[in-house]
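One-letter residues, chain by chain:
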Amino acid sequence: MNNATASNASAHANLAIKAECRNFGFHYGDFQALKDINMPVYDKKVTALIGPSGCGKSTLLRSFNRMHDLYPGNRYQGEIIMQPDNTNLLAQEVDPIEVRMRISMVFQKPNPFPKSIFENVAYSLRVRGMTNKSELEDRVQHSLKGAALWNEVKHRLNDLGANLSGGQQQRLCIARALAADPEIILFDEPTSALDPIATASIEELITELKEKVTILIVTHNMQQAARISDFTAYMYIGELVEFGVTDQVFVKPQKKQTEDYITGRFG
Amino acid sequence: MNNATASNASAHANLAIKAECRNFGFHYGDFQALKDINMPVYDKKVTALIGPSGCGKSTLLRSFNRMHDLYPGNRYQGEIIMQPDNTNLLAQEVDPIEVRMRISMVFQKPNPFPKSIFENVAYSLRVRGMTNKSELEDRVQHSLKGAALWNEVKHRLNDLGANLSGGQQQRLCIARALAADPEIILFDEPTSALDPIATASIEELITELKEKVTILIVTHNMQQAARISDFTAYMYIGELVEFGVTDQVFVKPQKKQTEDYITGRFG
Amino acid sequence: MFTTAAIVYILVKESWIFFEAVPIRRFLFDTQWTPLFDDAHYGIMVLLSGTLTSSAVALLVAIPLGTIIAIYLSEFAPFKVREIAKPFLELLGGVPTIVYGYFALVFLTPLLQKIYPELPGFNLLSAGLIMGVMIIPYVASLSEDAMRAVPMALREGSYAMGATRLQTALRVVMPAATSGIASAYILGISRAVGETMILAVAAGMQPNLTFNPAESGATITSYIVQVALGDLPHGSIGYQTIFAAGLSLLLLTLTFNLLGHWLRKRFREVY
Amino acid sequence: QALVKIDGSSTVFPITEAVAEDFQKAKKGAVRVTVGISGTGGGLKKFCRGETDIANASRPILDKEMADCRAAGIKYIELPIAFDALTVVMNPKNTFLKQITVAELKTMWEPGAQGKVTKWNQVNPAWSDQNLKLYGPGADSGTFDYFTEAVVGKAKSSRGDFTASEDDNVLVQGVSRDVGGLGYFGFAYFFENKDKLKAVPVVNKKGVAVTPSIEAVMDGSYEPLSRPIFIYVSAKSADKPEVKEFVEYYLKHGGKLAKEVKYVPLTDADYKHALDNFSKKKTGTAFGGHSEVGVKVADLLKRDPKE
Amino acid sequence: MMQTQDIQAIRDIIRRAKRWDAFFGVLGILALMVGVLTFMTLFVDMAIQGMGRIDANFFTNFPSRRAEHAGILSAWVGTLLVMLVTGLAAVPLGVAAGVYLEEYAPKNWLTDVIEINITNLAGVPSIVYGLLALGLFVYQFGFGQSILSAGLTLALLILPVVIVATREAIRAIPQIIREGSYACGATTWQTVKDHILPYSSAGILTGVIIGMARAIGETAPIITIGALTFIAFLPPLPFTGVPPAGLLDWLFAPFTVMPIQMFNWTSRPEAAFQTNAAAAGFILVLMTLAMNGTAIWLRYRLRKNITW
Ligand SMILES: Nc1ncnc2c1ncn2[C@@H]1O[C@H](COP(=O)(O)OP(=O)(O)OP(=O)(O)O)[C@@H](O)[C@H]1O
Ligand SMILES: Nc1ncnc2c1ncn2[C@@H]1O[C@H](COP(=O)(O)OP(=O)(O)OP(=O)(O)O)[C@@H](O)[C@H]1O
Ligand SMILES: [Mg+2]
Ligand SMILES: [Mg+2]
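Respectively, the protein sequence lines represent chains A, B, C, D and E. Letter 70 of the first sequence, counting from 1, is numbered 70 in our numbering, and no numbers are missing. Letter 27 of the second sequence, counting from 1, is numbered 27 in our numbering, and no numbers are missing. Letter 256 of the third sequence, counting from 1, is numbered 256 in our numbering, and no numbers are missing. Letter 40 of the fourth sequence, counting from 1, is numbered 40 in our numbering, and no numbers are missing. Letter 39 of the fifth sequence, counting from 1, is numbered 39 in our numbering, and no numbers are missing.
Heads up, none of these hints are tricks.
Ranges of calculated distance between the beta carbons of each label pair, as one might list FRET restraints: (1) C:259 <-> D:72: 42 to 50 Å; (2) B:155 <-> A:208: 56 to 64 Å; (3) E:109 <-> B:134: 47 to 55 Å; (4) B:155 <-> E:172: 39 to 47 Å; (5) A:204 <-> B:197: 35 to 43 Å; (6) D:295 <-> C:259: 54 to 62 Å; (7) C:115 <-> D:293: 40 to 48 Å; (8) E:176 <-> A:204: 21 to 29 Å; (9) A:154 <-> E:111: 43 to 51 Å; (10) C:115 <-> D:95: 25 to 33 Å.
To be clear, the hints were calculated from the coordinates, so they are not data collected in a lab. It should be emphasised that the depicted structure is a prediction, and the values quoted were computed from it without experimental measurement. Even glycine gets a Cβ: it sits at the ideal position worked out from N, Cα and C.
Next comes chain A alone, as it looks inside the complex (with noise of 0.2 Å):
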């Protein structure tokens, strides 16, 4: 599987490398999700991870950002290299906050903090110890405006995230991870709960995100990888079975693995 990446990476070696894994492989305690993962991440680009339920995309998603450390058991292998700092996110002296501050995350199902819209998105700057408020104010409407809720919520950001409709509290999330201004941004699925206007709205705005920021995005949706990505990664029972750009995956790609699976033979 190593040379998965090898073959394909010749074809953009221009472009530049925001973060790359190393060997890297994980453990839920004894059960091995993830092996010997390579694969680079390309700064202002969508890679999208694609592959069957519970091949292990999640994981390696929530590795970026160390969410396995909240739970017990948890072990990582290998290296997750970020640049422009050189930095292994993974290692024991790098502080997981350090890194979560680096890289947001926005969830499969849209999950607002039941306060209030102006606090939903101020959160990520007050853990930050901001507390000037005409600051905040700024930051947060330029996160909306980034998220394009801006519009919609003006008028109303005193009330509850949770009373926004489902597409508008995904997008809230979004806000509240652009506040950060983040390096990459790590999507789970963002769209599996919400309905199709919405989604096309939340495809929009990854679309246009990528201008500032990196993206790794996980899907089930095939046509959204398509749409979206412009890497793609195919993964089964946790390896890297095939990464390339997206549009070299989908039309040819190099494994039958992941042909049968793209052209729905299995899945």
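Put chains B, C, D and E with the ligands on the given structure of chain A with help from the hints.
Coordinates of chains B, C, D and E with the ligands only, in the frame set by chain A:
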């Protein structure tokens, strides 16, 4: 939408109808989830319900065995007529229990009871007042065979159902549904929580089952619908957009909307 | 944690003095409990029998009724009834026990005597019955929580097979909630064993080695209050008995709780 | 603000409470008095630790408690303040019981009777063969001690199979509902429940059957079941003006108030004598660290107390 | 496939099964009635007995030897103050312990032991707490028979209830909210302070009030630590006590509480005192009713604003 049915029905007039929705509608409290559905379910065939998330597939499926009666505030409109006795399943005077004895259901997540494998399957029979030990054993064995699970569990019938793997659990639930000797079995995304191998075995099982029983299945996976169903109904926001022979719906949908969905242009 | 340590320390320390004077064999096997009499006997079995008998009566009321109420509220009752009945039941658990005690004595006992004239004015039966009523809310409320925690998917599975409410409740929901229900029972038992004022008022404080609820009897707890309120000189062997009795009580509840913990581990919900 | 702290027997409580109430009113709130109930034993324990000024006691101080006080350097003045007449009661439906002798009571109550004497006619063949059900205060009470001493001859020596309760109302309930019941408790409880119970005349040393009444107790004919009850005043506290005033008030008005709460007062002479003992600070107990039956209060007050 | 007689057979089975259903429905209501009726009888009985005595004077008078003059002023003030101490002591301790166990403590055998311990403490008879408090607070710490000792005793008693309620409330917060917070870069403490505590406050408060409603009726442990019975004055207001005047003098003041007042009255010989006892009992039950009512209302009010 009314003519969605009509247009296709002529093509398979020689088939027996097992059940039929007539101007069927459904309300969750004030929210109308289904509107004016007219659709046949053909005897000993597999009918697939597809459509984007939230379009009302599960709602429609669960109307067939009056599952909505369990929660307050739900309301049916129109009729679902079951053949050969021409009973309106939704009629006030028809006991939902009677309906459920005729129409079994398999859920999205396998939900075996916290009992032994044997008792899980025997449950449907005990509910029907069967107490004779050897008769029970016969029927349980028969159902487990029907669900292609007998060989794997025959030596551990007293084990807890929860100790089986996900795919086995789902087959256990199918055995449980089969034991009741139902006329229709409803499947609500039966494989969405399973891995590809388990999924394949369930799909195979469904194709075998239609020899004996009518099947109505909700699925998110277009490929799955294409592989196993004889008829496909495409729904969108509470309405039935298109109904027809599966091959036809997939290859030459009559509505632009259906085509968009199937080719992955949205959803 | 610290509290337990402190409780155990104080009880053991004081009981030590007691057991230095009274061999443990006499404590366990004597059939009379007359520590304050001239002719002193220290048979804890006597108090234990009272404790167990009254608890048994209480549990015979509380467990079936509590369970039925729990099933009814979680599986049968319309939403409104449940929302009103549950807090109301919780009130039953909030009534000061001394109030219950007098209620048993001046209301229930005469009532029972009409049915069963032989019944003495103080008896474990009426105290136990009222105690049972007092415990109902604990059993019902906790069991109901456990049953409601059973995922709807399981219930739907059962209904989809054509089961009625009762079948679903008894054959699917109850087994799935076993561990929660077991802990509700255990808590009920602990409450019964530890209840003080009801028994002190209505059961008759007569140390009596009997398992017949229609007699009067003394329990460990009622003995402790009795002595704590009494004219006994502190530091005497008679006074020390309350710590020995307290220790026995603690061991008893501890046993039940460990049993409960084991049961919970054993029947961990597998939905 | 001056505070007088009192704790101890529940038997003495009603009188002390009444005195405390009136005393505080008389002093217009300048002095505060608190009264607790933790039993004679509990009260004396606190007293001998120096935590309270006065202990209410329904029995004399015992050896062990004397030692405690001595160890803590607490000297005390023993003051009888009223009588508690133990009343033997029966159910009003009981027709055969006209009077009872101490010997008969002993037959009923002695330890040997346990499980054996269960019918009235086993005590006196003239009585009916009804079941005999006994009711009495708990074994930890001073009343129980006194009754056993007076009847059986030895304190705390009793059968165990009777219904015991700390709360005398509970005993009232018991006997009033039980046709074959017999019980004993303080006079006040009988007096308040005259409609539900009947007092049994007890035959005294002179052979006369005496029905308990305030007069009979005061003239000494109701014996041996009447006993004096006490307060113990700490000598150190007695130096404090508020305590001194309170005790003087107690001994001056206690008789009237005792009667009001249905206890039997001492004679005026006895109160005077007690007041005299108090002002002379006669510390110690007139008993030798154990209780006695049938002593006259006048004699007690004359004795030379020991510590 | 489905013959009419089959349907008939099914209908028979259903009818039989449904008869049991109906039977159980009635049984459930009856069982509920046993509880409800007992409470009603008890409550009405007490109300009828005690009502006559309840007037303004009953609340503003001190205890007295004359039943008709006796009131519960010192008792209800004492109860209120003791409850205040109980709440102030039990809430921070219980909540801290609950939060620690849920959010910080590693899940190992030690937490297991602590867990057993807490459930076990909930089952320890209250009288045993009384014995403990007597030794610990009254003598060891020298707090004497004061409001402070009583409050702390009851706080110990309800601590398990508060801890369990806190943990339940915290567990009800979906993991996804927690992950959302951590994903924003929050520390554990920030997560607790900004999310866990605010969102679980309704549940915690409910637990605290239910615990306090239980504590308010406790007699046995307060008796063992030696609460007073007759006390005809109130604890000093802050800064008004005779020197040295201080803010917290009342903590060390002697006191009595409602259940003890009631207990004392029930054991008096005069019938009039029984009426007083019923009146006091009635008010005590009303107090617990009010507390439970508040808990229910709070649960309802605060939960409305929190949806996941
Ligand atoms: N907390 C956990 N403990 C143990 N095993 C886990 C845990 N979470 C996930 N797994 C296992 O790890 C494997 C990968 O899971 P993961 O959630 O990453 O899959 P996925 O590709 O995201 O699937 P899906 O598409 O269903 O979300 C699966 O086999 C899963 O059962
Ligand atoms: N219990 C309910 N109360 C109110 N609205 C509901 C309820 N259940 C579902 N709905 C709404 O009814 C509509 C149809 O829901 P349904 O679950 O049938 O969709 P579905 O097609 O099965 O979607 P999915 O593919 O996500 O399972 C949705 O808009 C949903 O929000
Ligand atoms: Mg996933
Ligand atoms: Mg669905």
